[in-house]
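Line by line, the protein sequences give chains X and W.
Residue numbers for the first sequence, in the numbering used here: 167 to 370.
Residue numbers for the second sequence, in the numbering used here: 167 to 370.
Be aware that one or more of the hints could be misleading.
Identical copies look the same in the list; a pair holds intra-copy or inter-copy alike.
[Claimed, not checked] When the alpha-carbon atoms are kept at most 25 Å apart in a straight line, the in silico BS3-like pairs for lysine-lysine are as follows:
no.: 1; residue 1: 312; residue 2: 207
no.: 2; residue 1: 307; residue 2: 286
no.: 3; residue 1: 294; residue 2: 312
no.: 4; residue 1: 207; residue 2: 286
no.: 5; residue 1: 207; residue 2: 336
no.: 6; residue 1: 271; residue 2: 227
no.: 7; residue 1: 336; residue 2: 307
no.: 8; residue 1: 307; residue 2: 207
no.: 9; residue 1: 336; residue 2: 215
no.: 10; residue 1: 227; residue 2: 195
no.: 11; residue 1: 271; residue 2: 195
no.: 12; residue 1: 215; residue 2: 312
no.: 13; residue 1: 227; residue 2: 286
no.: 14; residue 1: 215; residue 2: 227
no.: 15; residue 1: 307; residue 2: 294
Source of the hints: derived by calculation from the structure; they are not laboratory data.
2 protein chains.
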Amino acid sequence: MNKDIPEISLQRLPVYLNYLRSLTDEDGKYISSGAIASALKLGEVLVRKDLAYTSSAGRPKVGYVRTELIAALEEYLGCNDIKNAILVGAGGLGSALLAYGGFGKYGIQVVEAYDSDPEKVGSVVGGKHVLSVSDIPNGIKQHNAKLAVVAVPAQAAQAVCDMLFNCGIKGILNFAPVFITSPENVVVRNIDVAANLAILASMI
Amino acid sequence: MNKDIPEISLQRLPVYLNYLRSLTDEDGKYISSGAIASALKLGEVLVRKDLAYTSSAGRPKVGYVRTELIAALEEYLGCNDIKNAILVGAGGLGSALLAYGGFGKYGIQVVEAYDSDPEKVGSVVGGKHVLSVSDIPNGIKQHNAKLAVVAVPAQAAQAVCDMLFNCGIKGILNFAPVFITSPENVVVRNIDVAANLAILASMI
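Looking at chain X on its own, in the form it has when it is part of the complex (with noise of 0.2 Å):
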């Protein structure tokens, strides 16, 4: 756990990273503070801040060199650390997610899906074969996985993750617009798509 970091930087970490990994080297060996903030809309010292918690030192007058900059942010974020996961809810964002590849390069591989539809057990989505909830339990246990993405609809969010934090899950990624209470020792982070459509809605 970096527990040195603040939510918010770590937040932004994934973005440089992005953005870094958008260059190519005909943009040059180097980068600086001022062309990431530029890039970003964002405050140059703020980027030298949160570029400071990883162990890449930008050089004076020079910047960072691009390539040990996005080495240091994927050592940081924990890319290659390969780390389990498993999905509850094979509806179609659940689908959607699994048939997307994106996970891999941070490191994560989702190994299996649950569903509590008989008709959806048993099927194979996104290449996986989709097991019962009921399995859970085993199935968390077999993989030794510690995080969960849930997709499932609002009403059964909250009992899902119940289950999850009963069996040894410590961070959840929850799709359903729905406020979940859970345990001190776990964290949920909440992917709300129409609050953020709503957040952008209010920015504009």
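Fit chain W to the known structure of chain X by using the hints.
The following block gives chain W in isolation, referenced to the frame of chain X:
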């Protein structure tokens, strides 16, 4: 535009709203900032500051009237103003987003969906006829849409966003896990699912 509120506070307002909506009459007429803070694992002073951006005022030793606070948050987030949005990319994720009914509670209507795949154009996804991307300029004009949801593959995202900016879109919710270059006067919010899972992994 809510110019006076920091983005980090704005981001928490839907979280408060979801929490308050999860309570019932049995939880009482009033709710204190301390109770909200405790449920959401936030600091009480921060909660009070955030809520002060809305028009609601807590009463000393009593707290907020829950229904009034909900109404104030809904008002601030523009839930009662109808805003039109379009969606580009009717693949797995785009289809799931179209089928998702949660936008309405924030006053947002996803009025049209577009895709570049001729096989998808003309099909019905989430109750919407999928149109060709060449129809985007007309659609934006006709519906006076200022918001767009982009759920296209990473390699297509920048070109799609550029087109949307040119057509007058002011805010984009981008699901493609790439950095999007954008003009000064627009806002791009990224929902990078894998990055969120990586952040979660760093927090547990």
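Evaluation of the provided hints:
1. 312 - 207: between (34 Å within a copy, 20 Å between copies)
2. 307 - 286: Answer is within; shortest intra-copy Cα gap is 23 Å, inter-copy 41 Å.
3. 294 - 312: within (19 Å within a copy, 38 Å between copies)
4. 207 - 286: Neither way: residue 207 and residue 286 sit 44 Å apart in one copy and 36 Å across, limit 25 Å.
5. 207 - 336: between (34 Å within a copy, 16 Å between copies)
6. 271 - 227: neither (31 Å within a copy, 50 Å between copies)
7. 336 - 307: within (13 Å within a copy, 47 Å between copies)
8. 307 - 207: Neither. Shortest intra-copy (43 Å) and inter-copy (28 Å) distances fail the 25 Å Cα cut-off.
9. 336 - 215: neither (28 Å within a copy, 30 Å between copies)
10. 227 - 195: within (14 Å within a copy, 59 Å between copies)
11. 271 - 195: within (22 Å within a copy, 48 Å between copies)
12. 215 - 312: Cα proximity of residue 215 and residue 312: none, with 30 Å in one copy and 34 Å across.
13. 227 - 286: neither (58 Å within a copy, 51 Å between copies)
14. 215 - 227: For residue 215 and residue 227, only the intra-copy Cα distance (17 Å) is at most 25 Å; the inter-copy one is 40 Å.
15. 307 - 294: within (18 Å within a copy, 42 Å between copies)
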